[in-house]
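J.: 1 is the number of the first residue of the sequence shown in the UniProt record's numbering; add one for each residue after it.
Don't take each hint at face value.
Simulated pairs of lysine to aspartate or glutamate, EDC-like, Cα-Cα distance not exceeding 20 Å [as the list claims (entries may be wrong)]:
#	residue 1	residue 2
1	LYS144	ASP209
2	LYS142	ASP214
3	LYS67	ASP49
4	LYS195	ASP59
5	LYS142	GLU178
6	LYS67	GLU86
7	LYS12	GLU64
8	LYS195	ASP24
Derived CB-CB ranges, DEER-like [what the hints assert, rightly or not]:
#	residue 1	residue 2	range
9	ARG129	TYR208	21 to 31 Å
10	GLN122	LEU181	36 to 46 Å
11	GLN23	ASN114	51 to 61 Å
12	ARG129	GLN108	16 to 26 Å
13	GLN163	CYS211	21 to 31 Å
Just so you know, these hints were derived from the structure itself, not from any lab. Predicted, not measured: the structure shown is a model, and the values here were computed from it. For glycine and all other residues, C-beta sits at the position ideal for the given N, C-alpha and C.
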Amino acid sequence: MAECDQVVQTLKKQLKVRGVNYQDVASALSLSEGSVKRLFANGGSLSLDRLSAVCQLIDMDMGELFKLSSDSSHQITELTWQQEEELVADKALLLVTVCITNGYRFDQILEQYNLPETVLIQKMAHLDRLNLIELQPDNRVKLKISPSFSWVAGGPIQQFFQQQVISAFFQSRFAGEEEKLVMSTGLMSLSTNYKFQQRIQRLVSEFYDSCNQDTDLTMQERHGTSMVVAMRRWTFPLFEEYE
1 MAECDQVVQT
11 LKKQLKVRGV
21 NYQDVASALS
31 LSEGSVKRLF
41 ANGGSLSLDR
51 LSAVCQLIDM
61 DMGELFKLSS
71 DSSHQITELT
81 WQQEEELVAD
91 KALLLVTVCI
101 TNGYRFDQIL
111 EQYNLPETVL
121 IQKMAHLDRL
131 NLIELQPDNR
141 VKLKISPSFS
151 WVAGGPIQQF
161 FQQQVISAFF
171 QSRFAGEEEK
181 LVMSTGLMSL
191 STNYKFQQRI
201 QRLVSEFYDS
211 CNQDTDLTMQ
221 ERHGTSMVVA
231 MRRWTFPLFE
241 EYE
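Could you build the full structure based on these sequences and the hints that come with them?
T.: See the structure below:
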């Protein structure tokens, strides 16, 4: 039963990521919204057929769902709002978090940033208490975050990013060989929108997989690289007077 509950919790997380609500699921399963809520409250009563139908709704293979569920049973998928506030409130801690989640080793952080060794150890111990990492002998680090890990939607990290990072990130003409900016607009149904959100999530996974493939290269051969991908229902405010 515990495994069933874990699968359902993982599925609920994936629904949230894609903006799919219980009403959408109810429509896909030909059930009332209340019935869907009861199914999700009691994971053992969700049949494989219905589970498959919900996976199809969000364009996800059941095998992928089970793998995410297995991963998340041992790894964290999200911090609490308060934990994210801790990261944002401490610039050095946030820097170490970004480095560690991007695959930096202890010595590489010391080499690249002006952080005393004692301070770096303190920050890594803090991340260990937050359960983001397991701090091992000789200051080695084992990440404990799930492949489906994400920051709290609208939470402190995302707010910090929007307030502090976006303006600096877009101070470029994006004309260099190592950079690219594309914006697309069009008319799209909600169901197609959800499918594209799933593809965006896969693109993010491919980004991190590609970073992991380069871990054997030296730090001189690798460069800090950021990708911003966003999607929402939106039209140009410039044209509102003509609508």
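J.: Indicate, hint by hint, whether the structure satisfies it.
T.: Hints, verified against the model:
The straight-line distance between the Cα atoms of LYS144 and ASP209 is roughly 16 Å, inside the 20 Å bound, and the hint therefore holds. Note on LYS142 and ASP214: the hinted pairing holds, with a Cα-Cα distance of about 18 Å set against a maximum of 20 Å. A hinted pair counts as satisfied when its Cα atoms are at most 20 Å apart, and LYS67 with ASP49 qualifies at roughly 18 Å. Straight-line distance between C-alpha atoms of LYS195 and ASP59 comes to about 6 Å, which keeps the hinted pair within the 20 Å bound.
With a C-alpha separation of about 31 Å, the suggested pair LYS142 and GLU178 falls outside the 20 Å cut-off, and the hint is violated. Simply put, LYS67 and GLU86 have alpha-carbon atoms about 30 Å apart, too far for the 20 Å limit, and the pair is violated. Annotation: proposed proximity of LYS12 to GLU64 holds, straight-line Cα distance about 14 Å (limit 20 Å). Among the hinted pairs, LYS195 with ASP24 is consistent with the structure: their alpha-carbon atoms are about 13 Å apart, no more than 20 Å.
Checked against the given bound of 21 to 31 Å, the beta carbons of ARG129 and TYR208, roughly 24 Å apart, stay inside it. In this structure the supplied range 36 to 46 Å holds for GLN122 paired with LEU181, their Cβ-Cβ distance being about 39 Å. In this structure, GLN23 and ASN114 meet the distance hint of 51 to 61 Å, their C-beta atoms being roughly 52 Å apart. The supplied range of 16 to 26 Å is met by ARG129 and GLN108, whose beta-carbon atoms lie about 22 Å from each other.
GLN163 and CYS211 have their C-beta atoms about 26 Å apart, which keeps the hinted 21 to 31 Å range intact.
In summary, the numbered hints that this structure violates are 5, 6.
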